[in-house]
Structures are given as structure tokens and as C-alpha cells.
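Asker: Here are the chains, one letter per residue:
Protein chains: 2
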Amino acid sequence: MDKDGSFSEWYNDILRLAGIVDVRYPVKGLYVWCPFGFKIRRYTYEILRDLLDSTGHKETYFPLLIPEQEFMKEAEHIKGFQDEVYWVTKGGLDDLDIPLALRPTSETAIYPIFKLWIRSHADLPILVYQIVNTFRYETKGTKPLIRNREISSFKEVHTAHESYEDAEEQVRKATEIYKSFFKRLCIPILISKRPDWDKFAGADYTIALDTIMPDGKTLQIGTIHNLKDNFARTFGITYEDKNGEQRYVNQTCYGISERCIAAMISIHGDDKGLVLPPEVAPVQIVIIPIIKKDHELQIIEKCESIKNRLRTRYRIELDKSDERPGAKYYKWELKGVPFRIEIGPRDIEKESVTISRRDKNEKVSVKEEDIEGWIEEESDKMVYDLYNKAEKEMFSRIIEYDSSEEIAIAQEVCREDKSDSSSQNHDSCNTSIDSKIDESYKIDKINKRYVYKTGWCGKESCGTEIEDKTGLKILGEIIDEEKAGRCVLCGDESKIKIYLAKTY
Amino acid sequence: MDKDGSFSEWYNDILRLAGIVDVRYPVKGLYVWCPFGFKIRRYTYEILRDLLDSTGHKETYFPLLIPEQEFMKEAEHIKGFQDEVYWVTKGGLDDLDIPLALRPTSETAIYPIFKLWIRSHADLPILVYQIVNTFRYETKGTKPLIRNREISSFKEVHTAHESYEDAEEQVRKATEIYKSFFKRLCIPILISKRPDWDKFAGADYTIALDTIMPDGKTLQIGTIHNLKDNFARTFGITYEDKNGEQRYVNQTCYGISERCIAAMISIHGDDKGLVLPPEVAPVQIVIIPIIKKDHELQIIEKCESIKNRLRTRYRIELDKSDERPGAKYYKWELKGVPFRIEIGPRDIEKESVTISRRDKNEKVSVKEEDIEGWIEEESDKMVYDLYNKAEKEMFSRIIEYDSSEEIAIAQEVCREDKSDSSSQNHDSCNTSIDSKIDESYKIDKINKRYVYKTGWCGKESCGTEIEDKTGLKILGEIIDEEKAGRCVLCGDESKIKIYLAKTY
Numbered sequence: 001m002d003k004d005g006s007f008s009e010w011y012n013d014i015l016r017l018a019g020i021v022d023v024r025y026p027v028k029g030l031y032v033w034c035p036f037g038f039k040i041r042r043y044t045y046e047i048l049r050d051l052l053d054s055t056g057h058k059e060t061y062f063p064l065l066i067p068e069q070e071f072m073k074e075a076e077h078i079k080g081f082q083d084e085v086y087w088v089t090k091g092g093l094d095d096l097d098i099p100l101a102l103r104p105t106s107e108t109a110i111y112p113i114f115k116l117w118i119r120s121h122a123d124l125p126i127l128v129y130q131i132v133n134t135f136r137y138e139t140k141g142t143k144p145l146i147r148n149r150e151i152s153s154f155k156e157v158h159t160a161h162e163s164y165e166d167a168e169e170q171v172r173k174a175t176e177i178y179k180s181f182f183k184r185l186c187i188p189i190l191i192s193k194r195p196d197w198d199k200f201a202g203a204d205y206t207i208a209l210d211t212i213m214p215d216g217k218t219l220q221i222g223t224i225h226n227l228k229d230n231f232a233r234t235f236g237i238t239y240e241d242k243n244g245e246q247r248y249v250n251q252t253c254y255g256i257s258e259r260c261i262a263a264m265i266s267i268h269g270d271d272k273g274l275v276l277p278p279e280v281a282p283v284q285i286v287i288i289p290i291i292k293k294d295h296e297l298q299i300i301e302k303c304e305s306i307k308n309r310l311r312t313r314y315r316i317e318l319d320k321s322d323e324r325p326g327a328k329y330y331k332w333e334l335k336g337v338p339f340r341i342e343i344g345p346r347d348i349e350k351e352s353v354t355i356s357r358r359d360k361n362e363k364v365s366v367k368e369e370d371i372e373g374w375i376e377e378e379s380d381k382m383v384y385d386l387y388n389k390a391e392k393e394m395f396s397r398i399i400e401y402d403s404s405e406e407i408a409i410a411q412e413v414c415r416e417d418k419s420d421s422s423s424q425n426h427d428s429c430n431t432s433i434d435s436k437i438d439e440s441y442k443i444d445k446i447n448k449r450y451v452y453k454t455g456w457c458g459k460e461s462c463g464t465e466i467e468d469k470t471g472l473k474i475l476g477e478i479i480d481e482e483k484a485g486r487c488v489l490c491g492d493e494s495k496i497k498i499y500l501a502k503t504y
Numbered sequence: 001m002d003k004d005g006s007f008s009e010w011y012n013d014i015l016r017l018a019g020i021v022d023v024r025y026p027v028k029g030l031y032v033w034c035p036f037g038f039k040i041r042r043y044t045y046e047i048l049r050d051l052l053d054s055t056g057h058k059e060t061y062f063p064l065l066i067p068e069q070e071f072m073k074e075a076e077h078i079k080g081f082q083d084e085v086y087w088v089t090k091g092g093l094d095d096l097d098i099p100l101a102l103r104p105t106s107e108t109a110i111y112p113i114f115k116l117w118i119r120s121h122a123d124l125p126i127l128v129y130q131i132v133n134t135f136r137y138e139t140k141g142t143k144p145l146i147r148n149r150e151i152s153s154f155k156e157v158h159t160a161h162e163s164y165e166d167a168e169e170q171v172r173k174a175t176e177i178y179k180s181f182f183k184r185l186c187i188p189i190l191i192s193k194r195p196d197w198d199k200f201a202g203a204d205y206t207i208a209l210d211t212i213m214p215d216g217k218t219l220q221i222g223t224i225h226n227l228k229d230n231f232a233r234t235f236g237i238t239y240e241d242k243n244g245e246q247r248y249v250n251q252t253c254y255g256i257s258e259r260c261i262a263a264m265i266s267i268h269g270d271d272k273g274l275v276l277p278p279e280v281a282p283v284q285i286v287i288i289p290i291i292k293k294d295h296e297l298q299i300i301e302k303c304e305s306i307k308n309r310l311r312t313r314y315r316i317e318l319d320k321s322d323e324r325p326g327a328k329y330y331k332w333e334l335k336g337v338p339f340r341i342e343i344g345p346r347d348i349e350k351e352s353v354t355i356s357r358r359d360k361n362e363k364v365s366v367k368e369e370d371i372e373g374w375i376e377e378e379s380d381k382m383v384y385d386l387y388n389k390a391e392k393e394m395f396s397r398i399i400e401y402d403s404s405e406e407i408a409i410a411q412e413v414c415r416e417d418k419s420d421s422s423s424q425n426h427d428s429c430n431t432s433i434d435s436k437i438d439e440s441y442k443i444d445k446i447n448k449r450y451v452y453k454t455g456w457c458g459k460e461s462c463g464t465e466i467e468d469k470t471g472l473k474i475l476g477e478i479i480d481e482e483k484a485g486r487c488v489l490c491g492d493e494s495k496i497k498i499y500l501a502k503t504y
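If you read the sequences in order, they're chains A and B. Going by my numbering, the first residue of the first sequence is number 1, and it counts up by one from there. Going by my numbering, the first residue of the second sequence is number 1, and it counts up by one from there.
No lab work stands behind these hints, which were simulated from the structure alone. Among the clues, some could well be false.
It does not matter which identical chain is used: a pair holds within one copy or between any two.
Claimed, not checked - Subject to a maximum C-alpha distance of 27 Å in a straight line, what follows is the list of computed BS3-like cross-link-like pairs (lysine-lysine):
#1 K495 x K453
#2 K473 x K392
#3 K217 x K228
#4 K39 x K58
#5 K140 x K459
Owing to the predicted nature of the structure, the values given are computational and were not obtained by experimental measurement.
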């Protein structure tokens with residue numbers, strides 16, 4: 001596998017070889033989660049559940065099928081989704097009286113019930129979530145875990161509050177929860193406020209979390225929407241306030257899908273296979289006996305006893321198969337097992353074991369009695385290292401522009417990209433940009449695209465022209481980063497900084 | 001709430017009042033899982049997951065949407081499901097080229113992939129499962145958790161084996177797993193082999209688990225199917241055996257749905273509300289401070305300290321609201337909390353607390369330091385008691401027949417039932433049956449229907465005539481209960497015993 005050579009090929013290979021998903025299901029855009037991949041998914045969503053449960057969110061389940069009349073109530077929402085909704089029109093051999101939409105997202109399934117649940121200020125806030133399959137009839141190219149027609153594990157939160165300010169506060173809390181979540185997956189994120197023409201259909205505004213994938217394109221891995229009272233007005237969700245007056249609730253919703261797993265696999269993986277943070281690794285430790293003649297029984301016994309000691313704390317495997325140790329290393333590295341323990345005659349003599357960490361190229365001799373302590377410490381270090389490596393890598397791909405002269409270069413790069421330029425062309429047109437990047441991270445320039453940071457006056461006309469000229473998308477206004485500057489297009493003074501990127 | 005008066009009303013009331021599901025979703029047969037109900041569901045399915053994970057089953061996820069051509073491959077299967085499948089025919093504004101079925105069950109989604117996964121005997125057995133939403137376009141009356149159009153948490157296992165004998169062995173293992181599962185929910189079960197005309201569409205035979213609901217009707221709460229090589233032949237699932245020959249696999253599948261929760265609620269609940277086994281109770285212990293003047297601070301402090309001590313082991317709530325203790329009892333009894341701890345000035349004096357168990361009408365004074373030990377012990381006793389009470393109740397409702405004279409009585413009962421007889425009529429026609437029942441369980445005869453046990457020669461003609469004449473359904477041959485006897489209809493000698501019942 002050659003991640004830097006062709007990320008796309010590497011991605012497909014790793015999904016197959018590590019047993020994440022099977023792409024051979026006979027409908028475009030639908031995939032099968034294999035047992036190993038499903039375990040990663042389970043542990044990943046356990047983190048999300050923990051974070052939500054401990055911050056006042058309650059898990060629920062609302063039906064998949066949304067009747068047409070509810071789905072069609074919110075005008076903006078329909079516009080945003082009408083091209084990509086699947087419709088159930090038949091039950092058995094009958095035509096249904098009312099077509100039923102497969103939820104693309106659940107506002108229109110949940111809010112008619114919110115209307116029933118909410119009576120007074122004492123019922124607020126409401127914070128519910130569900131982890132469900134949702135559907136988008138994607139006509140563009142599909143890609144496993146990234147652009148599916150069935151998003152099989154969409155986590156969506158829906159909240160209702162007394163005031164717009166309370167909803168804003170919830171947006172901030174959600175941002176913090178999502179930051180914690182991605183930190184635990186060691187995924188660095190860019191947070192921005194999407195431009196108005198790219199916000200969620202029906203929202204007041206949308207905060208988005210993106211990460212940069214190995215091919216330089218950004219992947220949206222989380223969104224948080226302040227819905228204001230837009231849906232409340234449509235669905236008639238009111239409450240009696242402290243003064244006895246009827247008011248509309250203010251709402252937020254925020255979601256994360258299996259794209260979080262796509263990002264985790266892509267960002268940390270290497271040419272040997274998966275690299276997984278211990279918390280989500282289906283197998284956290286593998287023990288490989290290093291069998292030498294005359295010592296077989298003794299070594300296997302030692303391996304068994306260490307395994308039994310560790311199994312109460314860790315998800316652990318002992319590989320007693322007949323393969324050579326090298327073949328075993330290869331197999332378990334592919335699966336992203338964070339720690340490998342080797343035990344041979346020499347280790348037994350020293351009352352030690354040899355441990356290596358998946359993301360490092362070194363073996364360490366650890367005293368038998370110190371294994372748990374060592375693993376504990378190195379687990380933390382591994383999470384720290386994975387995150388920092390990924391964050392460094394991400395920031396090395398972000399270049400700040402100050403002038404339209406520089407935008408011209410970006411345009412050039414994009415045009416080159418579009419005509420599928422050879423690496424040589426790519427290199428030459430990148431020269432002046434590359435000079436901005438810390439040399440130490442210029443490991444590889446093939447496939448290396450950049451995310452650009454620049455000023456924007458905030459006018460939609462300038463925004464769309466910037467997008468048109470560069471062939472890039474405005475991710476949005478960078479949150480908490482106001483700095484005096486100028487719009488890269490019209491030159492007007494502006495405090496708004498934006499990210500510009502190729503996106504998935 | 002009056003469970004014995006009208007079970008159906010009681011059932012709807014308890015679902016609403018305890019916050020299990022909301023039935024007001026605007027499509028027939030689709031329900032919303034409320035936060036409290038969802039927690040019961042989560043803990044219940046955790047038991048199932050544990051049991052499956054520890055017996056070699058691997059969790060997976062297969063797509064919801066099944067293309068028409070795959071769904072239509074197995075002739076028997078189509079016949080069984082064609083009247084109740086939902087079809088997606090539109091994506092966005094386009095008609096789909098190929099209609100997509102919403103899975104009513106996943107054989108036809110999974111087995112094309114089994115064909116790809118299985119090559120040789122070394123790949124066998126395969127045991128996968130998924131917990132997913134499935135759909136049935138029910139035209140009959142729907143009832144929450146019992147007859148849904150969206151079964152939102154269907155657990156389905158699919159296995160493949162080398163031989164028919166291996167598949168039979170798996171059927172036995174599955175039966176044991178299901179027995180353990182229902183034992184932990186304290187639900188007694190009847191196990192029988194469905195008659196051929198009632199087996200799963202495409203199966204060789206079906207083993208079913210039923211329980212008797214409080215209204216005397218049986219509810220199917222689990223099925224286990226031996227599929228033989230029927231689907232393997234349709235989907236071409238072959239493997240190379242040890243001699244290098246290509247053979248068809250033999251398969252089984254087995255499922256459990258949220259009906260298990262309907263049964264648990266119905267069987268254990270009483271007029272005060274839910275009664276939940278501690279393992280699945282969202283709140284296992286509630287602490288109620290018994291405030292007396294001058295002692296308020298001291299009591300609250302004690303309650304807090306006991307709560308903090310117990311919270312690491314139990315899901316616990318301390319109810320500090322302003323309501324009177326009586327109102328609090330009422331509220332938490334409704335929610336089925338297994339243990340209630342009251343702490344008042346007298347308890348503090350004695351360094352004790354007062355504990356009561358939800359299913360018993362007594363209060364016990366327990367020394368503070370003994371709380372954990374007491375709860376531990378009483379949890380086990382409670383599970384034991386709930387199960388035994390339910391089992392005794394179930395067996396008290398099963399009556400054995402030996403003659404066709406007695407069938408006539410059953411017929412009469414059924415006719416009375418159909419014409420919605422008053423309890424008085426009901427009683428009178430039941431007299432000769434009642435005489436067979438241990439007096440101690442004749443607590444209530446209103447709404448009390450019976451399950452009948454009788455002999456059957458095994459001929460379909462006799463079977464259907466028994467069903468026609470009695471208006472009852474043959475659940476199936478009772479497993480592991482062979483006894484010399486006669487067919488209740490034709491009088492031929494037979495070892496087969498069957499259950500006859502009104503069913504959901």
C-alpha cells in the first residue's frame with residue numbers, strides 16, 4: 001500500500017484488507033460493515049454516547065419514515081433536500097396514500113413530536129439524540145464512509161430552548177463536545193461558520209468542523225446548526241414563558257456521521273495499514289510468541305499467563321497460529337493494534353517482554369511486572385503523539401494569502417489539478433507557495449494540496465467570485481480569529497478570515 | 001391503572017405514563033421511543049449483545065435497501081413477504097431503475113455477500129448478527145412494540161455451516177442463548193416447533209419461543225430457523241470441503257425484536273406501573289429523604305453521602321424535589337425502580353436506612369454499612385422471584401386436553417370471546433376447565449384465557465381442522481416432550497403434543 005502515492009487507492013485497499021467495509025453490495029453507494037470495522041464503529045460511538053449522556057442529552061428513537069406532508073412543511077428545508085430524498089410509494093402490492101420519505105435528517109420527524117412534548121418553560125431545554133441510518137440519493141460519485149447513500153450511523157442531536165441566546169450557548173457547548181470527541185480520535189479540526197449560501201437548509205447559521213484528508217481535500221466531519229425559531233414557526237412549537245405568554249422555542253441541531261471513522265483511518269493510517277488510538281482499537285494488544293526449539297511449551301505458557309493477566313483490562317489476542325512471527329507482525333499491523341508484545345526465550349530469562357507501539361519504529365524491553373504501567377503511560381503518549389503529528393501535518397497544509405497575486409497561483413494549482421497534472425508540473429507551479437511551508441513537513445509533494453486562509457469582506461458577490469476564480473470552496477469564517485485585513489478580491493477592509501479548500 | 005380489568009388499556013397507559021414510547025407519530029404503526037423507554041431498550045439489548053459476543057457471533061451491518069432482483073430470488077420467501085414489503089421507487093425527483101425493498105428481514109441482503117465471503121470449509125462456520133430497523137407493511141391492527149410497521153431494533157443472526165447436522169446443532173445453541181436471555185428478563189417461555197404451514201418463508205423448520213401475555217394470548221418473542229441449504233441453492237453459496245468438493249452450505253437464522261420489551265413490561269408490571277429486573281432498570285435505586293423539621297440539612301447530607309457511595313455500582317437517583325414522599329413513591333414506582341431507600345431522622349439515629357423492593361409490599365431496615373450486600377442479595381432474589389411468579393402464572397394458564405369433548409369447551413370459550421362475552425358468561429363456560437386449575441392461582445378470571453395442550457397426529461388436515469374448529473392456532477410441537485397419546489381430532493395414536501392458543 002502506498003498512501004502518498006495514491007491516497008484514493010490506499011483508502012480502498014485498507015478498507016478491504018483490514019476488514020472495515022465490503023464495497024461489493026449490489027447497489028451503488030451502499031456498503032456492508034464487516035465485523036472488524038463494526039467494532040471500531042462501536043467503540044467510536046461509545047465515546048460519542050458517553051460525551052452526550054454526560055452533558056444532559058437523552059437518547060431516543062424516531063421513525064425512519066416521514067410522511068410527505070410533514071416533510072414538505074419547511075420551504076427552505078425542502079429546497080435543500082428535494083433532489084436527494086428517497087421515497088417509499090408502495091406497501092405490499094398497494095400504492096400508499098401518502099408517500100413516505102426515508103429521513104435524510106430528522107427535523108421533520110422530530111419537531112411535530114416536540115410540539116406535543118413542549119408546553120411550558122419548565123419543559124425546556126430539551127436535548128435529545130439518536131444514532132440512526134439516514135439516506136441521501138447521491139447522484140455524484142459515492143465513496144465508502146464518505147459519501148454513502150445510506151449513512152448507517154448518523155448521530156443527530158436536536159435541542160429546544162427558551163431564547164436565541166440559549167440556543168447560541170448550546171451551539172458553543174456542542175462545539176466543545178465535538179472538540180473533545182475528535183481529540184479522543186486524535187483528529188485535528190478546522191472550525192468555521194459556513195457562508196450563508198452553504199448553511200443547512202432551514203438554519204439561521206451553520207458551524208462546521210472540517211479536517212484535511214491526506215489528499216489535501218477537506219472533509220466535513222461535523223456540523224452544528226442554530227435553527228433560531230425557523231422550524232418552531234413552521235411546526236408551531238411554542239411554550240408558555242414565566243409571564244404566561246406563548247413564545248416560539250429556539251432550536252439547534254448537530255450531527256456526526258461515520259465520516260469520523262473515514263477521517264480517523266485516513267489521517268493516522270500508513271503503508272502497513274491501520275493505526276488506531278487505543279480507545280477504539282478492537283484489539284489493543286497482541287501477544288506473539290517467539291518460539292525457539294526446546295522452549296515452545298515454556299513460551300506458550302508464559303504468553304497465556306500474561307494474556308490472562310491483561311485480559312481484564314485490555315482487549316487482547318494471543319496469536320498462536322503456525323505463521324512465522326514476521327507474517328504475524330504484518331497481519332496485526334494491518335489491523336492497527338496499538339501494542340505488540342513479543343515473548344521469546346531471552347525475554348523469559350530476563351523476566352521481561354518486548355513491546356512495540358504501532359506508530360513508532362522501536363522495540364522496548366519491559367519488566368513483566370511493569371507491563372500495565374508501561375501500557376497505560378504509552379497509551380496516553382500515543383494519543384498525544386497521534387494528535388500532535390496530525391495537527392502539525394494539518395497546519396503545514398494551510399497557507400495564508402494576503403494578495404490577489406497569490407490567489408492567481410492557487411488558481412493555477414487548481415487548473416493543474418483539474419487537468420490531472422503530472423507531479424512535475426504540480427511542483428513547479430507550487431514553488432512560491434512551498435517557500436512558505438516549514439521545510440521539515442515537505443515530505444512529499446505529490447498529491448499535496450493546500451488549504452488557503454485569506455481575508456473576505458463578507459459580501460456574497462465577492463465570495464462566489466473568489467470560489468469561481470479559484471475553483472475552491474469557501475469553508476467559512478474562521479471562528480475566534482478576527483484580524484484586521486482586506487478582502488482578497490475587492491480589497492475592502494475586513495476582519496473576516498476564511499478557509500478556502502478543495503472539498504469532498 | 002387496572003391491569004386485570006383491561007390489559008389492553010393498562011398496556012397503553014403504562015407505555016404513556018412511564019415514558020416508554022409516544023404513539024402520536026403521524027403514521028400508523030410507527031412509534032417514538034422516549035428517553036426512559038430507550039434506556040430500558042439499551043440495557044436489554046446489551047444483555048443480548050453480551051450473550052452473542054461471548055458465543056462467537058460477530059456484529060455487522062448490512063444495508064437496509066434490498067434490490068428487487070435479489071429480493072425476488074427465493075420463491076417461498078417472496079410468497080411469505082410480498083404483501084408486507086415497503087418499496088422505494090423514487091430518488092429525488094427521478095424514478096429508480098430498480099425498486100428497492102426496505103428489509104423485512106435480511107436474508108436477501110446478506111446471502112449475496114456470504115457467497116463472496118465463503119470459499120472453503122476453513123471459512124465456516126460464519127456467525128454474524130445485526131441489530132437494525134426492519135419494516136413490515138402491516139395491514140392488520142398495529143400495537144406499539146408488538147405489531148409495528150417499523151421494528152426499530154430487530155436483532156437478527158445469520159449463520160452458515162458445513163452440514164445439516166451443524167446447522168441443527170446451531171439451532172440448539174441458539175435455543176440455549178435465547179433461554180438465557182429471557183431468563184435474565186424473567187420471562188418464562190414456551191418452546192415449540194411451528195407446524196409446516198406456519199414456518200418462516202424459505203426455512204426447513206422453525207423453532208419458536210412464545211410467552212403468555214396477561215390477556216391469555218400468546219406472543220411470539222423469538223424464532224430460530226433451520227434454513228437447510230434452501231437459500232444456499234438460490235444464492236449459490238458453496239464451499240470447498242476437505243476433499244476438494246464444492247458443496248452448498250447449510251444455514252440458520254434467528255431473531256428477537258422489541259417484543260421482548262413488550263413482554264417484560266406486560267408480564268411483570270402491576271397497577272402501580274412498571275416492575276423491572278434490576279439489570280435493565282434505567283434507575284436501580286431511588287433515595288427519598290423523609291424530611292422532618294430541624295433535621296432537613298442532616299437528612300439531605302446523609303442522602304447525598306449514601307448516593308455518592310452507591311453511584312459507582314448502581315444507577316441511582318436522589319429525589320430532592322418539593323413533592324411529598326407519597327407522591328415520590330408513586331412516581332418512582334411507575335418507573336419500575338427496583339429499590340427505594342428512605343432516610344429519615346429515625347433511620348439516621350439507628351445508622352440505618354429503610355429499603356423496599358418494588359415487587360414486594362414490605363419495608364426493611366438495613367444497617368448503613370450493609371446496604372450494598374443487601375441490595376446485591378435482594379437483586380438476585382428479585383430476579384428469581386419475578387421469574388418464578390411469572391412461570392407459575394404461565395403454567396397455571398396451560399390446560400391439557402385428552403378428548404374431543406374437551407375441545408368442544410374450548411370452542412365454546414372462543415365463540416364467547418369472539419362475541420366479546422361479559423365476564424359472567426365467560427365464567428360459566430369456563431367452569432369445567434377451571435376445575436383443572438390449582439385454586440391458588442385463580443386470582444382473577446376476567447380476561448383470563450387459556451393455552452391448551454393436546455395430542456396431534458401430525459397430519460396437516462387434522463391440524464387445520466383443529467385450528468378451524470377451535471378458532472385457536474397451533475403454536476407447534478412441544479419440544480422435548482414426547483408422550484404416548486392420541487390425536488385429539490382423529491384419535492390416531494401419536495407422540496406429538498402441541499400447544500393451542502389465541503395469538504397476537
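Asker: The structure should be examined with respect to each hint, and the outcome stated for every one.
Answerer: Structure-based check of all given hints:
| no. | hint | result |
| --- | --- | --- |
| 1 | K495 x K453 | within (13 Å within a copy, 82 Å between copies) |
| 2 | K473 x K392 | within (23 Å within a copy, 69 Å between copies) |
| 3 | K217 x K228 | neither (31 Å within a copy, 50 Å between copies) |
| 4 | K39 x K58 | both (23 Å within a copy, 9 Å between copies) |
| 5 | K140 x K459 | neither (29 Å within a copy, 58 Å between copies) |
When each numbered hint is compared with the structure, violations occur for hints 3, 5.
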